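Sequence lines, in order, name chains A, B, C and D. Mapping of the first sequence onto full-length UniProt numbering: residues 1 to 158, in sequence order. Mapping of the second sequence onto full-length UniProt numbering: residues 1 to 158, in sequence order. Mapping of the third sequence onto full-length UniProt numbering: residues 1 to 158, in sequence order. Mapping of the fourth sequence onto full-length UniProt numbering: residues 1 to 158, in sequence order.
Rather than coming from a laboratory, the hints here were simulated on the basis of the structure. Incorrect hints may have been included.
If chains are identical, the list can't say which one is meant, so a pair holds when it fits in one copy or spans any two.
Claimed, not checked - Straight-line C-alpha distance at most 27 Å; calculated BS3-like pairs for lysine-lysine:
| # | residue 1 | residue 2 |
| --- | --- | --- |
| 1 | K112 | K79 |
| 2 | K29 | K125 |
| 3 | K125 | K10 |
| 4 | K28 | K125 |
| 5 | K79 | K28 |
| 6 | K29 | K114 |
| 7 | K112 | K63 |
| 8 | K125 | K114 |
| 9 | K79 | K67 |
| 10 | K28 | K114 |
| 11 | K28 | K48 |
| 12 | K63 | K79 |
In this text the structure is predicted, and so the values were computed from the model without any measurement.
4 protein chains.
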Amino acid sequence: MKDIIVNLLKERGVTIEDMADLVLELQKKYYDLTREEAIESLNSVLDKREVQNAVLTGITLDKLAEKNMLEEPLLSILKRDEPLYGIDEILALSITNIYGSIGLTNFGYLDKIKLGIIGILNEHKDERCNTFIDDLVAAIIAAACSRIAHSIKSEKSN
Amino acid sequence: MKDIIVNLLKERGVTIEDMADLVLELQKKYYDLTREEAIESLNSVLDKREVQNAVLTGITLDKLAEKNMLEEPLLSILKRDEPLYGIDEILALSITNIYGSIGLTNFGYLDKIKLGIIGILNEHKDERCNTFIDDLVAAIIAAACSRIAHSIKSEKSN
Amino acid sequence: MKDIIVNLLKERGVTIEDMADLVLELQKKYYDLTREEAIESLNSVLDKREVQNAVLTGITLDKLAEKNMLEEPLLSILKRDEPLYGIDEILALSITNIYGSIGLTNFGYLDKIKLGIIGILNEHKDERCNTFIDDLVAAIIAAACSRIAHSIKSEKSN
Amino acid sequence: MKDIIVNLLKERGVTIEDMADLVLELQKKYYDLTREEAIESLNSVLDKREVQNAVLTGITLDKLAEKNMLEEPLLSILKRDEPLYGIDEILALSITNIYGSIGLTNFGYLDKIKLGIIGILNEHKDERCNTFIDDLVAAIIAAACSRIAHSIKSEKSN
Ligand SMILES: [Ca+2]
Ligand SMILES: [Ca+2]
Ligand SMILES: [Ca+2]
Ligand SMILES: [Ca+2]
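Isolated chain A (complex conformation) (with noise of 0.2 Å):
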């Protein structure tokens, strides 16, 4: 299952490497992380099943829209990536809750100011339908961080 997962998001544009990057990015103030660490703790993330199950239901609704193959009114709410529609960062949320509420904070902000390939998804909204892999894909990332912060503590409670 976690290949499946892996293969479906480069098929939408997104590697490991890509998000290896943002956690580097937001971690760099306060760890010395290596990208090794980044990706083993993005590899962690993807291996849970609550992950994959929003991540596959996630993308298959992008897919759908993409394809015209979902009847009105949600195709035309997820071609547009309608403002009021907030399913995308509700699947985002079961994500970054596996690892705490901690995680929510790198969620929103990642969300909001769209950084590295969080940016990319967001330009080539036009020719594809990304309303869910970007939110995904920034739990993902806060998943991954709040990961590293619980594992750097009990690190040094011992």
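Chain A is fixed; fit chains B, C and D with the ligands onto it per the hints.
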């Protein structure tokens, strides 16, 4: 949009009357509620944009699964109503949250004991894909009960 | 920190054995679970930082209310276990969320039917302030059940 | 109850005017909003029971920590604003959720970049315990923005 949602629920076998039965059942221990008040509360819940988006998204996925129009592995997960798939509960939670966390208890209870229409949806799982709708309906009922609790309280404090 | 939490629960009348009884009760329909496995799962839940923080915060508020050490109107709200106060459910949700949304149903069910230790906490509401602890304990039990569902699933897929 | 909440916020250094500044700042890119409209939206948010309960609970904990009236280890966790303690974000989330998930992004952004009054609260962390209030205020502002987005949308569709 509200009419679309009410029709979509009806198409999948759920009427406002069915939901009113369960609102009355859950509230009978606490308040002397008329059927009209139960229906009015359900209508207010169904007027909310966030509720409409959750219902629209969940029922769309149920229908696509039923028509085998989703790719694997999501198709099998939804058709089997896989117990570790929690996106149906996630969407339901976005409904109960609108009237605060007090709806959680009623939602969980309905989802577990499968009273009334929720039991009926569950029995028809073999012919239909009812993975999302049972949770959505339980959440709408729980939200209508929360709304009643809030409004009775504020009348009293006047 | 974990010992502090276990002692705090015990001080308020809840042992790991009490919680194991309910894990076994909830799971008996699905799996052939031993008491040791139930206790192991509860211990894993109690090892989580987010769970510890929720328990610490909620029980602190219960104890302060019991000693009349809170200002009004919060004091009366907690002492009466005011039905529209939902912060107890909010903290409980932060516990169930750690193992995904599948714990919601068991949480709501326990909170409603007040099985075992949860019923006992509820009966002693007159002498003590048990506003938070009943929801926290229901959430810990529900999370332990979710963790079991996840681990049985992953064993099977190996 | 609403007056109590407004006074409690003021006592901790936060006025409705301070919050209106940030509502205007966040919305200026999207809508031509007057200060009166921003204040009206904040007042509607503060009228909600769930918001009042979250503010009451969080600020009570901040004040008790400041007066050293909590037991350890919660006292030190709150006084240090321990990064792995996420109950402040959990309470904040219960506020943003009332207007749906679209408030999450603004909440996370405010919490991260610490604009205006949120930055001021953060600077005074040494003398005061502001562990909860910064997240609560960010959530109230984010909720007021979501409410504006919903109401502008529904005007348009008439
Ligand atoms: Ca989006
Ligand atoms: Ca379901
Ligand atoms: Ca309670
Ligand atoms: Ca804080």
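Please work out whether the CA atoms of K125 and K10 approach to 27 Å or closer within one copy, between two copies, in both situations, or in neither?
So K125 and K10 pass the 27 Å test inside one copy only (17 Å; across, 34 Å).
Check K79 against K28 for me: Cα-Cα at most 27 Å, and say if that holds within a copy, between copies, both or neither.
between (35 Å within a copy, 25 Å between copies)
How would you label the pair K28, K125 (within, between, both, or neither) given a Cα cut-off of 27 Å?
This pair counts as between: shortest inter-copy Cα distance 23 Å, intra-copy 29 Å.
27 Å Cα threshold - placement of K125 relative to K29:
between (31 Å within a copy, 19 Å between copies)
From the Cα coordinates, with 27 Å as the cut-off, is the pair K79 and K67 best called within, between, both, or neither?
both (10 Å within a copy, 22 Å between copies)
Tell me, please, which holds for K28 and K114 at an alpha-carbon limit of 27 Å: within, between, both or neither?
Classified as both: same-chain Cα gap 18 Å, cross-chain 18 Å, threshold 27 Å.
At most 27 Å between alpha carbons: which applies to K125 and K114, within, between, both or neither?
within (13 Å within a copy, 29 Å between copies)
Measure nothing new, just compare the shortest in-copy and cross-copy C-alpha distances for K112 and K63 to 27 Å and report within, between, both or neither.
Classified as within; 23 Å inside a copy, 32 Å across copies.
Quick one: K28 to K48, C-alpha cut-off 27 Å, is that within a copy, between copies, both, or neither?
both (25 Å within a copy, 26 Å between copies)
Can you tell me if K63 and K79 fall within 27 Å by alpha carbon in one copy, between copies, both or neither?
Intra 10 Å, inter 20 Å, cutoff 27 Å: intra and inter.
27 Å Cα cut-off: does K112 pair with K79 within a copy, between copies, both or neither?
within (20 Å within a copy, 30 Å between copies)
Should K29 paired with K114 be assigned to within, between, both, or neither, using CA atoms and 27 Å as the limit?
both (18 Å within a copy, 15 Å between copies)
Of the numbered hints listed earlier, not one is contradicted by the structure.
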